[in-house]
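One line per chain: the protein sequences are A and B, in this order. Going by UniProt numbering, the residue at position 131 of the first sequence is 131; the numbering climbs one at a time, nothing skipped. Going by UniProt numbering, the residue at position 168 of the second sequence is 168; the numbering climbs one at a time, nothing skipped.
None of these hints come from the bench; they were simulated from the model. Glycine is no exception: its CB is placed at the ideal position from the N, C-alpha and C atoms. Hints are not guaranteed to be accurate.
Rough simulated footprint, nothing fancy, chain B against chain A, three-plus residues with beta-carbon under 8 Å [claimed, not checked]:
#, stretch
1, 13 to 20
2, 67 to 76
3, 115 to 129
4, 174 to 186
5, 223 to 236
Think about it this way: if two alpha-carbon atoms lie no more than 35 Å apart in a straight line, the pair counts; the simulated DSBU-like pairs of lysine-lysine are [claimed, not checked]:
#, chain 1, residue 1, chain 2, residue 2
6, A, K110, A, K175
7, A, K235, B, K110
8, A, K110, B, K64
9, B, K209, A, K110
10, B, K235, A, K64
11, A, K175, B, K235
12, A, K209, B, K110
13, B, K235, B, K209
Number of protein chains: 2
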Amino acid sequence: MPNPTAAMLVIGDEILSGRTRDSNMHYLAGRLGEVGVDLMEVRVVSDQHGAIIGAVQALSRAYKYVFTSGGIGPTHDDITADCIAAAFDRTIDVRDDARAILAEHYERSKTELNTARLRMARIPQGATLIENPVSAAPGFKVENVHVMAGVPSVFQAMVESVLPSLTGGKALISKTLRIERGEGDIAGPLGALAEEYAMLSMGSYPFQKDGRYGAHIVIRGNNEAQIDAALAKLKATFE
Amino acid sequence: MPNPTAAMLVIGDEILSGRTRDSNMHYLAGRLGEVGVDLMEVRVVSDQHGAIIGAVQALSRAYKYVFTSGGIGPTHDDITADCIAAAFDRTIDVRDDARAILAEHYERSKTELNTARLRMARIPQGATLIENPVSAAPGFKVENVHVMAGVPSVFQAMVESVLPSLTGGKALISKTLRIERGEGDIAGPLGALAEEYAMLSMGSYPFQKDGRYGAHIVIRGNNEAQIDAALAKLKATFE
Numbered sequence: 001m002p003n004p005t006a007a008m009l010v011i012g013d014e015i016l017s018g019r020t021r022d023s024n025m026h027y028l029a030g031r032l033g034e035v036g037v038d039l040m041e042v043r044v045v046s047d048q049h050g051a052i053i054g055a056v057q058a059l060s061r062a063y064k065y066v067f068t069s070g071g072i073g074p075t076h077d078d079i080t081a082d083c084i085a086a087a088f089d090r091t092i093d094v095r096d097d098a099r100a101i102l103a104e105h106y107e108r109s110k111t112e113l114n115t116a117r118l119r120m121a122r123i124p125q126g127a128t129l130i131e132n133p134v135s136a137a138p139g140f141k142v143e144n145v146h147v148m149a150g151v152p153s154v155f156q157a158m159v160e161s162v163l164p165s166l167t168g169g170k171a172l173i174s175k176t177l178r179i180e181r182g183e184g185d186i187a188g189p190l191g192a193l194a195e196e197y198a199m200l201s202m203g204s205y206p207f208q209k210d211g212r213y214g215a216h217i218v219i220r221g222n223n224e225a226q227i228d229a230a231l232a233k234l235k236a237t238f239e
Numbered sequence: 001m002p003n004p005t006a007a008m009l010v011i012g013d014e015i016l017s018g019r020t021r022d023s024n025m026h027y028l029a030g031r032l033g034e035v036g037v038d039l040m041e042v043r044v045v046s047d048q049h050g051a052i053i054g055a056v057q058a059l060s061r062a063y064k065y066v067f068t069s070g071g072i073g074p075t076h077d078d079i080t081a082d083c084i085a086a087a088f089d090r091t092i093d094v095r096d097d098a099r100a101i102l103a104e105h106y107e108r109s110k111t112e113l114n115t116a117r118l119r120m121a122r123i124p125q126g127a128t129l130i131e132n133p134v135s136a137a138p139g140f141k142v143e144n145v146h147v148m149a150g151v152p153s154v155f156q157a158m159v160e161s162v163l164p165s166l167t168g169g170k171a172l173i174s175k176t177l178r179i180e181r182g183e184g185d186i187a188g189p190l191g192a193l194a195e196e197y198a199m200l201s202m203g204s205y206p207f208q209k210d211g212r213y214g215a216h217i218v219i220r221g222n223n224e225a226q227i228d229a230a231l232a233k234l235k236a237t238f239e
C-alpha cells in the first residue's frame, strides 16, 4: 500500500518578500519522511483571504493531510483562522476551552488577556485543538487540515503534538553515493539503474567544491535491501 | 499602477524529502522585490510529469511572470524541459544554438558531449535561451515561464541574466521597528495604523531571545515617505 500523502501551506508575506527564510518546510519534510507520510507539494501564499482560501481548498481535496504554518497570532495580519473557517464554510468564534488555555497562560505571566490576545482563542466550529507547549495559544485541525504557528519553535512543537495522530506508512529511507565524475558521465548508467529499480526514486545532485566536482546520487525508497542492492550496483559501475 | 506579479515553481524531490533546504526561493524573492516585481506565490512539486505540468499551467495563467528552478540537468530525473513543452503543447528537440554552446563548453574542458549531456540542449519549440555564465547549459523562456537550474550558483546567475528583461514596477521598500512588548499589546495600535495606512502592508513577527521578547513590526510599500510617517507614528505610540 502506498504511503499517505501530504501537502504544506506556508502563509506569509515575510517569506515572499524575501525578508525571512522559511525553515518550517524543511523541518516538516524531514519529520513526515520519518513517519512514512509522503510530502507531495508545498505552497507559499501571501496574507490575503482569497489566496489562502483557494490554496487550502485545493490542497485539502488533493492530499490526505494538509499542514499550514503562519498567521494565527493576535495581530491584524493574522487571518489564517478566519480563512480556514471560510474555506470549509464554518462559523468561527472564541471557544471556551481555547480561552481557558490562554487565560491560564497569561495569568501565570501576569499579562492581560485583552481583545487582541483573545483573537487567538477564535476557533472554527467543530475543530480539534492542537497543543502548543511553547506559548500556549493552540493550533487546530479542521477536516484534514492542521493549522499551526509560523514561529519555528512553536511550529515544531505543534508538529510533534500532531504526528502521533497521523496514520503513517513506511519510513522513507534515503542513501547517498558520492561520485566524483561529471553528471553527464553518470547519467547513462544511472538512468538504466532507475529503470531496473522502478520502485525506488533516484536523484542526481551535482556539486563543485575546492576544485573537485561530481554528483551526489540519492536513492530513496521504503525497502532498505533494495536500496542497498541498487547502491552497490551503481558503486561497482564507477569503480 | 500596481507592480507586475510573479510566481515561482521549485521542482525537486530533494526539497520535499527533507534532504535539501531550498535557498533559491529566498534569493529570487529578494531580487524581485528590488526590481519591483511582486512575488505572490511559490509552489514546490515533486519530479513527476503531472505535478509539474499542472503547476506550470496554473501559475502561467495566474501571474505575469513565472520562474522555475530545478530539473534541467543531464540525468533521467531531469524532466522539466519536457514538462514545459507539454504544458504549452510544443515539440521539443536538441536545438543547434544550444548544442553549440554545450559543444564549445565541453571542448574547452576536454569532456565528451555525450547523449546525456546533449539532453541539456533539448529546448521547447520557440523558446528563448537564458544565459548560464556558470556552467554553460542554458535555461530558457517559453511564454511567461523562465526555466532555470536548481543548483544555487547557477540559479542565481540565470536570475541575473533574466532580470534586465523584466518590466518592473516600484521597488519594494521594507522598514522594521523592534518593539519590546508582547504582540498582544502591540496588536491594537498596529491594527488601527494598518487601517489608516491601507496602501502599506504591515506585518508583526514575534521574537523571544536571551530573556527579552517582543515583535519586529515590518512595514512594506513603494512609498518611503508614507512608510516613514507610519513608522514614526507607531514608534511614538510605544515610547
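Against the structure, the hints:
1. Under the rule that three or more residues need a Cβ within less than 8 Å of chain B, the assignment of the stretch 13 to 20 of chain A holds, with 8 such residues.
2. Beta-carbon proximity to chain B at under 8 Å applies to 4 residues in the stretch 67 to 76 of chain A; the threshold of 3 is reached and the given coverage holds.
3. Counting residues of the stretch 115 to 129 of chain A whose CB lies closer than 8 Å to any CB of chain B gives 4, which reaches the minimum of 3, so the coverage claim holds.
4. Look at the stretch 174 to 186 of chain A against chain B: 6 of its residues bring a Cβ nearer than 8 Å to a Cβ of that chain, three or more, so the hint holds.
5. Figure legend: the stretch 223 to 236 of chain A, annotated as covered by chain B; annotation inconsistent (0 residues with Cβ-Cβ distances under 8 Å, at least 3 required).
6. With a C-alpha separation of about 51 Å, the suggested pairing of K110 of chain A with K175 of chain A is violated against the 35 Å cut-off.
7. Distance check on the hinted pair: K235 of chain A and K110 of chain B sit about 25 Å apart at the alpha-carbon level, within 35 Å; holds.
8. As the CA atoms of K110 of chain A and K64 of chain B are separated by approximately 50 Å, the hinted pair breaks the 35 Å bound.
9. At roughly 19 Å between alpha-carbon atoms, K209 of chain B and K110 of chain A fall within 35 Å of each other, so this suggested pair holds.
10. Our distance criterion of 35 Å between C-alpha atoms is broken by K235 of chain B and K64 of chain A, whose separation comes to about 45 Å.
11. Straight-line distance between C-alpha atoms of K175 of chain A and K235 of chain B comes to about 52 Å, which puts the hinted pair past the 35 Å bound.
12. Taking the CA atoms of K209 of chain A and K110 of chain B, the gap is about 19 Å. The hint holds against a cut of 35 Å.
13. Restraint check for K235 of chain B and K209 of chain B: satisfied, since their Cα atoms lie roughly 21 Å apart, inside the 35 Å limit.
Of the hints listed earlier, those the structure fails to meet are numbers 5, 6, 8, 10 and 11, in rising order.
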